[in-house]
Structure formats: structure tokens, C-alpha cells
Amino acid sequence: MELVGFIQSGRKIFMTTSKNRYSYLTLKKISLLFYPFFLVFLPKLTFAAGSGMHSPIEQFVVKTLIEIKDPIFGYDISFTNASLFMVLASIVPLLILIVGVRTADMIPGKIQSISEMIFEFVENLLIENTGNSGRPYFSFIFTLFLLVLFGNLLGMLPYSYTFTSQIIITFFMAIIIFISVTVIGIFRHGFGFLSLFLPSGTPLVLQPLLFVIEFISYCIRPISLSVRLFANMLAGHTLLKVFGGLAVMLIGSGSIFLVPVAILPIAAIIGMTALEVLVAVLQAYVFTVLTCIYLNDALNLHH
Amino acid sequence: METEAAKLIAAGLAVAPLLGAAVGLGVLFSGIVNSMARNPSMSGELRAIAFLYFALVEATGLFGLVVAFLILFAF
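Chains as they are written, first to last, in the working numbering: chain A, 1 to 303; chain B, 1001 to 1075.
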């Protein structure tokens, strides 16, 4: 009871500090969204207190749901919880878009507005960064954005799995982007594509050095792109679980002085969940923007 | 026992890059606030830029954090 009151008072402070009326309303809606999280999360805390401590990175374990063996080479291609959430992250945005455009009215409803907003957002992003020459690649960028966004957001639900916290998945996405962008650049410009590694107007003495530096920074792109997304997701989710474990330890201690202190880590979890939702959207945005920037480098040399 | 201690010390040292990320975020947001104060009509665009670079800067510190997690839990 004490805890619920604390959460509510925290919400009031959170809301009254925002002076803008528009953001007040959106914050109210967002904070309402968090309530189910805690209803599901709190029983888990008290249950875990009895059963002992879990490792904070236990949530990233890939579990096999349906075992499948590749008949020719004998590879393990089982359907895992990561694959399940990848399927979900592809189906959920698809359903939203289908429901959104099924009744295409002049005055859009809620779902239609959301799907139109996402579509226009990604379109503006692509056109701003690459100009009209990037238009043929819109479907790829849009799919990529939706997959990463919904992968991150679905991972924020309790008991779910964040597939973007696996380095192999993000690295595979990044390497596909890297290879296709390079191929696009070579097909468009031929050997002229190499001038990407030489910024215009460099003195002749510096040119070999700069070429090497630019080439290395180009080759490191898939690594930085994938590790950025993976590190953000891994760090955020581990941090949530570490604080959750702290609360469990304090509650499980049974000491009359330590149990009330458990409110502090739970309050920290509330704040960090909000930050994690922001980071989830932001990282999807950054992933897409960087893909657009790389695409622009290959499409329009020397801008 | 010594390996355990070494692991903990190494994990503590590995989060040192977070300091750099913190300084970087401070520089970034001070610049954004400065330019918003100079030209308030640009604040909408500046906020979008701030968020993009916030994510880029924050990621560099998180690389260190991931190394710390790997030392603690993966080995």
C-alpha cells in the first residue's frame, strides 16, 4: 500500500513539473502505460525473494522452443525465444499498418494516424538524409526501422525477450547494410567510389595517410553500428535487473530497517523504465539515421 | 579467490569510460542550451539534433559498461 502511494505521488511530481500543456497530457498517458508493468513486476519481486538470487544476465539466455535440425548439414536451426520475438516484431507492426490503412478515411482514426505518422517520419528521415536518389530504398529503411523499433519496445514488456540484445543479430543486420551500401556505391560510381575515402581539397602529402584512416573508419562501420544498439539494450536491461535484484535482497532480508529502503531501488526502476523506453525509440531512430547517412555516402559522393 | 578479486577490480576499472561519456554529454547539452538561448526559434531542430547526438555519445560510454558486464558475468 505504501508503495502504491509512493508511485502515485512520484507521478504527481513528474506531471506537475512539466509546464507545457501538451506534454502534460502525453506524460499522463505515458505514466498510465507504466501501471501494468508494476502490477506484473511486483509479484515477481516477492516471489523471487523466496527462491533466491538470479543472475542479471539470465534474461538474455536463448531458449529452444521447437527443436529443428538442419537435415543436410546437421546445424541447429531450432525455433528459439529470440526467433519468436523476431516473428512478433515483424507481425505486430504489419498488423498495425494493415488495420491502419484498411479504412483509409479523410479524417484518420487513432491507428490510422499512428501508421501514417510512422510512415511519414521514416520518409522524411530518408529524404532529408539522402535526397530523392534514396527513394528506391525506402521499403528497406522502413522495414528496418519497424523491426528494430518493435524489437526494442516488445523487449520492454515483462517476461519478454529483447532480440536486439544479441550481438549476432545486430551484427548481421549491420553487415547486410554495410555490404549492400558498398555494392550500391560500386555499381553507381565504379572506381570513382574510392574517392569516398579522400576528402576533397586535401594536400598531396596527407593523401595516403588520410586514405588509410578513412578506409579503416569505413570498415569499422558495421561494428560500431551493431555494438551501439546491442550495448544500449544489454546495459539497460541488465541495469534494470540489477536494481530489481537489489530490491529483492532488501525485501528478502526481513530486517525492519532494510525493507523500507527497498523503495529506493524500486523508484529507480520506475525512472529507468521510462529512460529505457526513450532509449528503445532513440536507438531505433539512430540505427535508421546512420543507415541513411551511409546510404547517402554511397549514393551522392562528395556533398 | 584471487581470480574473483581480479575480476571485480577489472570490472570496476572497465567502467572508467563512462566518465568520458558523462563529460561528452555535458559538453553536448551545454552547447545545445547555449545555442537555444542565442536563437530560440531554432530550438525544435536543435532538440532533434541533441537527441541524435545524445544516443551517439552515450553509446561510447556503454561500450565500457558492456566490457564490465562481460568480465563480471561471462567469464
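Just so you know, the hints here were simulated from the structure itself, not pulled from any lab data.
Treat the hints with caution; some may be incorrect.
To be verified - Simulated crosslink set (DSBU-like; lysine-lysine; CA at most 35 Å straight-line):
#, chain 1, residue 1, chain 2, residue 2
1, B, K1007, A, K63
2, A, K241, A, K63
3, A, K241, A, K69
4, B, K1007, A, K241
5, A, K241, A, K110
Unchecked claim - Facing chain A, a subset of chain B residues (Cβ under 10 Å, in silico):
#, residue
6, V1023
7, F1029
8, A1055
9, E1058
10, A1059
11, T1060
12, L1062
13, V1066
14, F1069
15, F1075
Unchecked claim - Simulated restraints on C-beta separations:
#, chain 1, residue 1, chain 2, residue 2, range
16, B, R1038, A, M249, 25 to 35 Å
17, B, L1008, A, F197, 20 to 30 Å
18, B, A1048, A, K69, 19 to 29 Å
19, B, F1051, A, I213, 21 to 31 Å
For every residue, glycine included, the Cβ atom is placed at its ideal position computed from N, Cα and C.
inquiry  = Checking hints one by one. Is F1075 (chain B) an interface residue toward chain A, by the C-beta closer than 10 Å rule?
reply    = 12 Å, violated
Self-check item: 25 to 35 Å as the expected CB spacing between M249 (chain A) and R1038 (chain B), which holds or is violated
Solution: Given a distance of about 49 Å, which is not inside 25 to 35 Å, the answer is violated.
Task: C-beta pair A1048 (chain B), K69 (chain A): status relative to the range 19 to 29 Å that was hinted - done: 48 Å, violated
- prompt: Does the alpha-carbon distance linking K241 (chain A) and K69 (chain A) stay inside the 35 Å limit?
  reply: 33 Å, holds
Worksheet item: At a threshold of 10 Å, is the proposed contact between V1066 (chain B) and chain A supported by beta-carbon distances?
Response: 5 Å, holds
Self-check item: Distance restraint between K1007 (chain B) and K63 (chain A), which requires alpha-carbon spacing of 35 Å or less
Solution: Holds, because 28 Å separates the two Cα atoms, which is no more than 35 Å.
Holds or violated: the hint that A1059 (chain B) contacts chain A, with Cβ atoms closer than 10 Å. 4 Å, holds
At a threshold of 10 Å, is the proposed contact between L1062 (chain B) and chain A supported by beta-carbon distances?
-> L1062 (chain B) check passes; min Cβ-Cβ to chain A is 4 Å, inside 10 Å.
Does the nearest C-beta of chain A fall within a distance shorter than 10 Å of the C-beta of T1060 (chain B)?
-> 9 Å, holds
- prompt: When you check the alpha-carbon spacing of K241 (chain A) and K63 (chain A), does it fall within 35 Å?
  reply: 19 Å, holds
When you take the CB atoms of F1051 (chain B) and I213 (chain A), is the distance between them in 21 to 31 Å? 29 Å, holds
| query | If you take the shortest Cβ to Cβ gap from V1023 (chain B) to chain A, is it below 10 Å? | reply | 18 Å, violated
Of the hints listed earlier, those the structure fails to meet are numbers 6, 7, 15, 16, 17 and 18, in rising order.
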